[in-house]
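Asker: What follows is the residue order along each chain.
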Amino acid sequence: MPAKRVIPCLDVKQGRVVKGVQFKGLRDIGHPVELARRYDAESADELVFLDISASLEARGTRESWVRDVAHELSIPFTVGGGVSKVEDARSLLRAGADKVAVNSAASLRPALVTELADAFGRQCVVAAVDVKRDPELGWRVYLKGGTEPTARSAKDWLWELNELGAGEILLTSMDRDGTGDGFDLPLLDWASELPIPLIASGGAGREVHFLEALEHGADAVLAATLFHENLLPIPRLKAYLAEHDLSIRI
Amino acid sequence: MSPAPTITLIDYDAGNLASLEGALDRLGLVHRRAATPEQAAEAGPIVLPGVGHFDAAQRSLAERGWWRALPELVAEGRPLLGICLGLQLLAEGSEEAPRAAGLGLIPGIVRRLGPGVKVPHMGWSQVRQHMAHPALPDPKGAWLYFVHSYALEPSTESVYLADHGRPFAAIEARGMVMGFQPHPEKSGRPGLLLLQSALTWMGARTPVPEEPCN
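The listed protein sequences correspond, in order, to chains A and B. Quick note on numbering: the first sequence equals residues 1 to 250 in the working numbering. Quick note on numbering: the second sequence equals residues 1 to 214 in the working numbering.
Rather than coming from a laboratory, the hints here were simulated on the basis of the structure. Everything numeric in this text was worked out from a predicted model, so none of it was measured. Glycine included, each C-beta is placed from N, C-alpha and C at the ideal position. Among these hints, one or two may not hold up.
As the list claims (entries may be wrong) - Which bits of chain B does chain A cover? Going by a derived footprint, with three or more residues having C-beta under 8 Å, they are:
hint: 1; region: 59–66
hint: 2; region: 69–79
hint: 3; region: 87–100
hint: 4; region: 143–149
hint: 5; region: 179–191
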């Protein structure tokens, strides 16, 4: 079994890492390369960059910072945001990303996942899925950052993504995201039965939450604010997880 | 005067060259990309990176003339380092492409990982020394980054082994031909040191500043 992974997630807009501030929009917290270096030094196991630039033009700058990050970083990184065809992914992988994340585009056109897996191998394809608890479906898949419900049951969709060729699932509980109350553990219980690695996201607030998520079958844990604000330094978190007998790269 | 040893990176649309170049820059090692054997440096190690499918990579290397050239270059004593799929292509064959042969520069067959474990094997795993090698120290449980669904069966001469459901060859070497299953360019500091040790042993050098002439 490989080590359990700790993954900071960075939102990028027009080539800058940004952080959402309640009611105040976005705050610039640095260049992707600066943060990449910092997290590399702090022993993050991997990074995920989600490009939230709205326009295609703004995404044009993406290749350049992806190339810079690839040149500086000595750990793997995933880039997502607006990947809707094979050529989008090719330009990111060529620039040096290790994996691409797809979300809405895969839900709208599931064949995309297979096309990406055929073109680059499934290890390059991360399927990001946002879900909320639902009285009818158990957990329902949402698009557009949890604002747009789909008709899909999360359980069916995750298994379908596996069949389609996803190499990894990045599963975000929109109910827990931003709460700091801990991950949605019953969600992880069934999702970790998938034969592909599972990254748990949404709800981390304290060290014990990460431990719980990993004990409930997640292969990796992802968080943003906690790490960006240094509320929970990654070396401290990893030491804590290792003390609890998890396989952790120290 | 012999030409300065420059690392040749085979550029065939199946490798993450950007990260590898970044790692070599940080190590201060001189390198260049070569799409065809004609573009290779005159001396110095050749690096065969690789991600994706075995047969697609094999075809791509054949189209560019590398498939025929590599065994000849190795026969002339040229050092060759395969990384990830690059290692697998050096072997005799792979279950991923039963009809395509490998380069056969390293004995052994590449087999699918599993069952009973998640595939691809993606993430950080510890490696251990199996056979001592002049260039590569005992890793003492170092963590390296892996992304693969197939792996070379261990041999009595495997340098490092790793486990995913079963043991497999993490580093295999025959003379000046070496293969890394993990991505040293993605494995933090231990990976960089490993890359440096292997390539320096293969003849790569950091540029020496010119002496003032007095």
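Asker: Hint by hint, say whether it matches the structure.
Answerer: Hint-by-hint comparison with the structure:
1. Given as covered by chain A, the region 59–66 of chain B fails the check, having 0 residues with a CB less than 8 Å from a CB of that chain where 3 are the minimum.
2. With a threshold of 8 Å between beta carbons, the proposed coverage of the region 69–79 of chain B by chain A is violated, since 0 of its residues qualify and at least three are required.
3. Chain A is given as covering the region 87–100 of chain B, and this is violated because 0 residues of the stretch bring a CB closer than 8 Å to a CB of that chain, at least three being needed.
4. A count of 6 residues in the region 143–149 of chain B with a Cβ less than 8 Å from any Cβ of chain A is obtained; the coverage claim is therefore met, three being the minimum.
5. Counting residues of the region 179–191 of chain B whose beta carbon lies closer than 8 Å to any beta carbon of chain A gives 7, which reaches the threshold of three, so the coverage claim holds.
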